[in-house]
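Going line by line, the protein sequences match chains A and B.
Under numbering that gives the first Met the number 0, the letters of the first sequence match residues 0 to 357, in that order.
Under numbering that gives the first Met the number 0, the letters of the second sequence match residues 0 to 514, in that order.
Because the hints were derived from the structure by calculation, they are not lab data.
Keep in mind the model is a prediction, meaning the values are calculated, not measured.
Watch out, some of these pointers could steer you wrong.
List of simulated lysine to aspartate or glutamate pairs, EDC-like, C-alpha gap at most 16 Å [claimed, not checked]: (1) A:LYS41 - B:GLU100; (2) B:LYS285 - B:ASP308; (3) A:LYS222 - A:GLU12; (4) A:LYS354 - A:ASP336; (5) A:LYS201 - A:ASP50; (6) A:LYS41 - B:ASP97; (7) A:LYS354 - A:GLU291; (8) A:LYS247 - B:GLU489; (9) B:LYS369 - B:ASP348; (10) A:LYS247 - B:ASP97; (11) B:LYS466 - B:ASP487; (12) B:LYS466 - B:GLU484.
Residues from chain B shown here face chain A by an in silico Cβ test under 8 Å; the list is partial [stated by the list, open to error]: (13) VAL96; (14) LEU188; (15) VAL300.
A virtual CB, placed ideally from N, CA and C, is assigned to each residue, including glycine.
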Amino acid sequence: MKFLRTIKAEDMEDIATGGAVLGTGGGGDPYIGKLMAQQAIKRYGPVNIIDVDELADDALVVPVAMMGAPTVMTEKLPQGEELINAFRQLEQLLGKKIDAVLCGEAGGVNSTTPFVVAAMTGLPLVDGDGMGRAYPELQMVSFSMHGVSATPMVLCDDKGNSLVLDTVSNAWTERLARAATVEMGGSALLAFYSMSGAVAKKAIIRGTLTLCAEIGETLRAAKSEHRDPVAAIVDKLGAQQIFHGRIKDIDRRTVGGFARGTAKFEGVEEWRGHSFQLDFQNEFLVATRDDEILVTTPDLITVLEAESGMPVTTDALRYGLRLVALALPCNPQWQSDAGIALVGPRYFGYPVDYKSMF
Amino acid sequence: MIRIGIDVGGTNTDAVVMDGSTVIAGVKAATTADVMTGVVNALKDVLAASGMAASAVDVVMIGTTHFTNAVVQRRDLAQTAAVRLGLPATASLPPMVDWPEDLKQAIGGTWYLAHGGNEFDGRVISPLNEEELLGIAADIKAKGINTVAISSVFSPVTSDFEKQAGEIFAKALPGAHITLSSEIGRIGLLERENAAIMNACLRDLSAHVIAAFRAAITEAGIKGKFFLTQNDGTLMDAAFAEKFPVLTFASGPTNSMRGAAFLSGVKDAIVVDIGGTTSDVGSLHKGFPRQATVAVEVGGVRTNFRMPDVFSIGLGGGSHVVETRDGIKVGPTSVGYRIITEALIFGGDTLTTSDIVVASGRYELGDKSKVAHLPADLLARTQVKIMQMLEDCVERSRLSPDPLPVIVVGGGSILVDGPIGGLEVIKPNHFAVANAVGAAIAQVSGEVDRVYALAEISRDAALADAKQRATDAAVAAGARADSIEIVDVEDVPLAYLPGNATRVRVKAVGELHVA
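Chain B on its own, in the form it takes in the complex (with noise of 0.2 Å):
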């Protein structure tokens, strides 16, 4: 099977050619405004780079941090409405009550309250009411607002409500992009809504950024599929993504850390994903990234993914390098994707790391002349504060005293010179494409999140069912149900509940189904 793989970043559009688990070809090329132009030329660099014909392509995946940047920047985000079913209930903390105020006024602020939701044992809190719905429906269209998200209490116990109401919002405004929580998030009501309203804040841009991806890749001359990556290293398809846009949110540090340990075989490491302006450091536990145990933020909101235990730093390729009282200062302010004329190699007068690394003859690249004046005490103790930076991070990254090694990826990978904090160092071969490794590598996964009653059922037989549903989910995903595993399961007592009521989360995970 040939595989690419596409990271799309902020500043570089990465891209990856595959045979099976070859690497045949990497290239980077800069990301453009529009997206597809970016798109355009890293698939015709790495076609020919690859010399591969574009017929001969099955599958694009792409990994793009677009969606995640819009929030964190509060761009291209659509009018949004938020309906939450469960009155009485849940009056006291309406929707978007945690949220920071601009981002709040950048997509509206706009919030109804309804009848419905259900307890945590299935009962009905309050009956839906359609004339209510109705009445709320008529308000959004009069606001011209044509993107609703739809919450309801308990929905991952039953999302029957969020359904009906679904449909409801469907047929008095014709065209409307919905997001129903119970379709992204798990338990806990105000992190599954914040997750539901982001998504569908992002419907019109996603529309937008999916077809700019298609028109790319048909520009290219690719006829095979194309998917998204998403925040667990699984991936969608791209009319699913189209729909939850917001499943990219981590999907960046998830791929460059499955690509290096897939580039370098190593399956328990650290990872260190040095870019332009800062460093990444996470831990991968057998080939998948460790994931984070407390709520995730994102652009000032929270909420309940899982995403990677990801610590960064202000340390890039980038990286400005000051001499101060204190001795010499690296970071965290970078010259970014402007290194091409600011860096000192490059003719500008910033003094960078890059500028460090090339005048002590460890790397060529730009105008080495130009760094010969750089004396070499100035080298020297810039080197040693680097890596005394990276030693800090990658400790913290450390879960157990063993010896593991540290993989180093991403374009920044040239600062590294030798062991970090007595760690061995690893530079895979296209390092600095590891993102876009990760994305082409991608498995396809489901997921179930729900509470049983053990009173009337097994537990064996409740672990049964939430398995058989992930699998279920992985398949209607696409993967080959007979790649399907297990890689996740936990069951989660839930306290002061009568019925042995446990909260069971399971996640199958299994190869791409190509035809």
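One chain only, chain A, in its complex shape (with noise of 0.2 Å):
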């Protein structure tokens, strides 16, 4: 087998930063991931990551991810052994040996938290995701659109509990998970959308975790360097810079257990003059300049401080701050009609069409 990267746990400090960057806001600071995988890779040894081509078509490949509120992870730290029990439990139960790990979301925490399976196993981890950046709700994945069933899924918590399901729709999965996720306290981990390398194929978005060490590698060579790490980022990522302001409002609220709101901008340097607002819920889902909707979900609205180029989560956001907001393309996978129904706009709540500037 080929092996594209060999992670080691130095390797880490750029996968997280470029699983930040995906992030678009959400997602989760990838910090406490990024610890638990170096501590995995120093015990364990380093991780491999694999094209999806590498694999059998008939072999078994299972996704590994951390759902809940990213805030209660960073205080009340996983007990060490939930993800690697979900993964284990979920082969017992499906009766075959798992080949390779996967990662659900590339973007915030859980670009890392595979790493942590996939070195306590060995196996190889395939380079790719189910979204290619982050979002809040389980069923928000392409391989939904494969027809990929996140059950049977194993969610299991710090005290040893673990929960078997096995439910009629990947929507029903996440209201379940999310109600059990809570009475966990706040944060659990799992393992589910188990699926066949023919499958893992064309289902997943490839090439990501390739991507999240890449990114990392830029900031931290532009820095190193002295240039401007954004300029960097623009170049490597092929992204549109949108806006270059400060903030000058912030309205938050929790609907739905989701922290939503929007924060307004003043343009600096050269976008002077300008308006410019970004709509969140979690993540970064529209941007609006001078009244104009220049992006939407599922295209990738990111936001780096000006100075450090390093990316901004929502929960950061505060009055006076000075960012750069780019614009990145979505996989094409998303921008089916499939792909716009389950991650559009529309989906969560704002009365406008998909846009793009690419």
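Since each chain sits alone in its own frame, please combine them into the complex, following the hints.
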């Protein structure tokens, strides 16, 4: 089997940075996940990343992820065995050996969680994920569009409880798992969406873990060479810089357990005199400039600190911050009717159609 | 009210005497290895310069980088045991997991995980187990360790377990220094625990240093109370500071920025503090330093302190000036405190930025004849380079295109000549001792960081409760109740949690109450 990359403990820094950029403001700070992955790699050895085409069609692939409130995970750190327990229990349930680990969500903390399982099991980790970014709900993965069921799914908590779900739809899995996660103390770890190699080749969004590593490398190199990190990222990703400005107003509220809000900006430098608005629900979902909608989900809207180029989460938005907003094209899978139905602006309650600038 | 402000830095100990809001006198003295002698000297000098009797002094405020330096240099740190309550949760990442190896070794790297901890909504993760804690205490005792840091999951929401564990350890380890994480930090277990451990390992040193301050003040004949300044530019009394030395970590830049605002009378500005080796640049908003948004590392350890957003470059009054193939190079190396023997103007043989300024005739210092030979072209090009370096970092700190003034303070301010990047430069009186002034004018604060379930109480009631708690904390810290203002309110809804869980942070600030 050919490895694309071998990830050592120190390489997790870049992956976590890249994961935060793809997190588009949500998905949780990858810091805790990065530390867990580093611990696992130090103890069990490095993680090998493979292209999905390396998998046999009848291979068994299983994604893992953290579910719940990222803020809770920064306070109630995992016990450490939850992910591997979920993974092994699902393997037992399926009655077949798992051949490779997959990332569910390459944006935010879940860019790092699959590395823990890959290190602990010695299994290869497939280069790709189900989102190519971060999204708030469990059914919002490309796997859903290819008929892959989230269940059987195993959800584990820090106390040793585990829950097996068998549901009629991925939307129901989200609903039931969400309630269980709250009972488990606001954060839980899970293994789900088991699929064959043949399905994975069609259903995943390819190359996103390599992309995370490359984004991290780009930012780090720009900083050490004293180049503009924002410009370096724009070049690297083929992104559009859609605004540069300061936050002048933030309005937040919680609706149905999700943090919703609006951040208004006033332009500086080349955008002086222009206005800009970001609507977010954990992730940045709609960008409006001078009263015109510029870009919406599923395209990626990511926000960087103007000086350091470091990604900023929706939680960290504060009055006066000087930020640069970038737009990145989403994976074409999301642009299908099924994709827009799952994660388009109307699903999140914005009365607008998907708008892309790419 | 007569106040004395003192700034104890790595190189200099500065002192000012203030009567109300007027600076009567300011002096600089060398910092000494024992700390106390330098403070005694500065106090004697400043009292003499002000013509003020020691008995007239109401209060002394001290800002110091001594504790930060101890962590950065890994010296004078006590062997410390970190005890975390939260099992079975949190076992994946033990205490100090992300610390630099040399710092972990400097304090012994001893940690324990025990049962306890709470969920976000206050539910118990697992009950406290007294026997387990007594076993840990026995092990700590056997190791000869006398300093304990206790953290518990979600202790900013409920601190009962930390308090109970603290009592158990206090009984089992008589005389031990015990730090509870809930007394120091906010939500974010690793960062709060890091702060608690760093605080604990500084407790022996803080007892020693605070005693030295107290002895120096007594020796100077001053009877007034004394305080230390903390990260946010507010005060803590000496007994509190002895328990929480970690709260002084960023007081240096905070004091110089607050002092600059006070001396210049300007509340919105960029502040450049030029020392011997580095220049620190930050921005002032309504008289307070703008805070950093990212996690701040101290000595390589991640913390979640609120610290001023300060950018440093290697440019100071002692910076080396070297002609290279690519033109003039200034800094980042510096002669530092050895300037008084190594710079040309003091008879040394190293060309420094101060030599350039004196040779240009812009400032009188040392022996001018020793730099008379420097070519005019070198002087001009070096000055251009210095101004370019300053312009770059001022630009970084600018928050808006508005033409904010730049306030220049610190002993190295003599380097600045004219506007920086087209922005007006203000060099206030007493610019060299701005951080001692910042210490002298410090206020008293109280802060809360709690999670409220807005399904149970209204947002207004939650904010009112948080404001009351912050106000009470400020009064407990020594603020005059009638002077308290709420200066910072932030509420962030927590995603994916029921009951509209919202995290509220409030800070209250007031004038020091002098009895």
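The hints, checked one at a time:
1. A:LYS41 - B:GLU100: With a Cα-Cα distance of about 15 Å, the restraint between LYS41 of chain A and GLU100 of chain B holds, given a limit of 16 Å.
2. B:LYS285 - B:ASP308: Status holds; Cα separation ~15 Å.
3. A:LYS222 - A:GLU12: This hinted pair holds, its Cα atoms lying about 14 Å apart.
4. A:LYS354 - A:ASP336: Distance ~14 Å between LYS354 of chain A and ASP336 of chain A Cα, so the pair holds.
5. A:LYS201 - A:ASP50: holds (13 Å)
6. A:LYS41 - B:ASP97: Measuring from Cα to Cα gives roughly 13 Å; hence the hint holds.
7. A:LYS354 - A:GLU291: holds (11 Å)
8. A:LYS247 - B:GLU489: Judged against 16 Å, a Cα distance of about 15 Å means the pair holds.
9. B:LYS369 - B:ASP348: holds (10 Å)
10. A:LYS247 - B:ASP97: With a Cα-Cα distance of about 35 Å, the restraint between LYS247 of chain A and ASP97 of chain B is violated, given a limit of 16 Å.
11. B:LYS466 - B:ASP487: At roughly 10 Å apart (the allowed maximum being 16 Å), ASP487 of chain B and LYS466 of chain B satisfy the hint.
12. B:LYS466 - B:GLU484: Judged against 16 Å, a Cα distance of about 10 Å means the pair holds.
13. VAL96: holds (6 Å)
14. LEU188: This interface hint holds because 5 Å falls under the 8 Å limit.
15. VAL300: violated (13 Å)
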